Amino acid sequence: GAVVSQHPSRVICKSGTSVKIECRSLDFQATTMFWYRQFPKKSLMLMATSNEGSKATYEQGVEKDKFLINHASLTLSTLTVTSAHPEDSSFYICSTYSGQGVMGGYTFGSGTRLTVV
Amino acid sequence: QKEVEQDPGPLSVPEGAIVSLNCTYSNSAFQYFMWYRQYSRKGPELLMYTYSSGNKEDGRFTAQVDKSSKYISLFIRDSQPSDSATYLCAMTRQGAQKLVFGQGTRLTINP
Chain F
1 GAVVSQHPSR VICKSGTSVK IECRSLDFQA TTMFWYRQFP KKSLMLMATS NEGSKATYEQ
61 GVEKDKFLIN HASLTLSTLT VTSAHPEDSS FYICSTYSGQ GVMGGYTFGS GTRLTVV
Chain L
1 QKEVEQDPGP LSVPEGAIVS LNCTYSNSAF QYFMWYRQYS RKGPELLMYT YSSGNKEDGR
61 FTAQVDKSSK YISLFIRDSQ PSDSATYLCA MTRQGAQKLV FGQGTRLTIN P
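Note that the protein sequences, when read in sequence, are chains F and L. Just so we're aligned, residue 1 is where the first sequence starts under our numbering, counting upward by one. Just so we're aligned, residue 1 is where the second sequence starts under our numbering, counting upward by one.
Source of the hints: derived by calculation from the structure; they are not laboratory data. Keep in mind the model is a prediction, meaning the values are calculated, not measured. Don't take every hint at face value.
30 angstroms max Cα-Cα, derived DSBU-like pairs, lysine-lysine [stated by the list, open to error]:
id, chain 1, residue 1, chain 2, residue 2
1, F, K20, F, K66
2, F, K64, L, K67
3, L, K98, L, K42
4, F, K14, L, K2
5, L, K56, F, K66
6, F, K42, F, K14
7, F, K42, L, K56
8, F, K55, F, K14
9, L, K2, L, K56
10, F, K42, L, K70
11, F, K41, L, K2
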């Protein structure tokens with residue numbers, strides 16, 4: 001099956017710094033990638049949808065200047081949390097969509113635990 | 001009202017029990033229904049997928065969709081401690097890319 005690699009799995013950063021999270025599709029071309037945020041014991045909250053070569057579409061309430069998404073190629077999308085604050089601490093998960101239908105079309109990364117101190 | 005409602009639990013049952021997990025939804029346009037399993041600090045993995053109404057069985061897992069009631073279920077038979085995880089329902093409509101997730105139910109199977 002499709003494999004999505006998300007890196008890093010855990011990161012601790014100081015308040016005010018920026019952190020970049022990478023999401024790579026290893027064996028297929030992902031036309032669309034999704035970025036989610038998950039709080040403890042909560043469901044996945046969609047932050048934004050990105051299509052290769054175009055600007056990301058952000059969900060209501062998500063600050064696009066704070067959460068920068070780049071989808072420069074069909075195999076790589078990055079999420080940069082800029083000027084991170086403790087309230088940005090969360091579990092971030094990417095998901096790819098191959099465009100080949102719902103069944104088997106979505107593959108999730110293993111997530112990144114971000115802690116801002 | 002949330003588009004998808006799922007009892008967050010936690011749910012704790014003894015090994016070997018039959019587990020029933022459920023979600024309700026409000027959007028009648030949803031046609032694709034999925035169940036994901038998520039282990040702690042990991043990304044979700046697809047467990048079952050159903051299109052429209054009906055049942056689908058895969059080993060110890062059975063997914064049911066009742067579109068008339070806007071209600072979906074996941075049954076786990078002969079539950080094992082390795083089934084302990086958070087189970088998320090997700091759904092989408094024809095032509096859409098975004099999935100709408102339930103809150104997730106934390107399940108613990110006790111040996």
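Hints, verified against the model:
A threshold of 30 angstroms between alpha carbons decides the hint, and for K20/F with K66/F the separation of about 12 angstroms falls inside it, so the pair holds. The straight-line distance between the Cα atoms of K64/F and K67/L is roughly 36 angstroms, outside the 30 angstroms bound, and the hint therefore fails. Restraint check: the Cα-Cα separation between K98/L and K42/L comes to about 20 angstroms, which is no more than 30 angstroms; the hinted pair holds. Distance check on the hinted pair: K14/F and K2/L sit about 35 angstroms apart at the alpha-carbon level, beyond 30 angstroms; violated.
The hinted pair formed by K56/L and K66/F fails the criterion: a straight-line CA distance of about 42 angstroms is larger than 30 angstroms. With a C-alpha separation of about 25 angstroms, the suggested pairing of K42/F with K14/F holds against the 30 angstroms cut-off. Distance check on the hinted pair: K42/F and K56/L sit about 27 angstroms apart at the alpha-carbon level, within 30 angstroms; holds. Distance hint between K55/F and K14/F is fulfilled; the C-alpha atoms sit about 28 angstroms from each other, no more than 30 angstroms.
Proximity of K2/L to K56/L is assessed by CA-CA distance (about 26 angstroms); at most 30 angstroms being required, the pair is judged to hold. For the proposed pair K42/F and K70/L, the alpha carbon gap of about 22 angstroms is at most 30 angstroms, so the pair holds. A C-alpha spacing of about 17 angstroms is found between K41/F and K2/L, which places the hinted pair at or below 30 angstroms, so the restraint holds.
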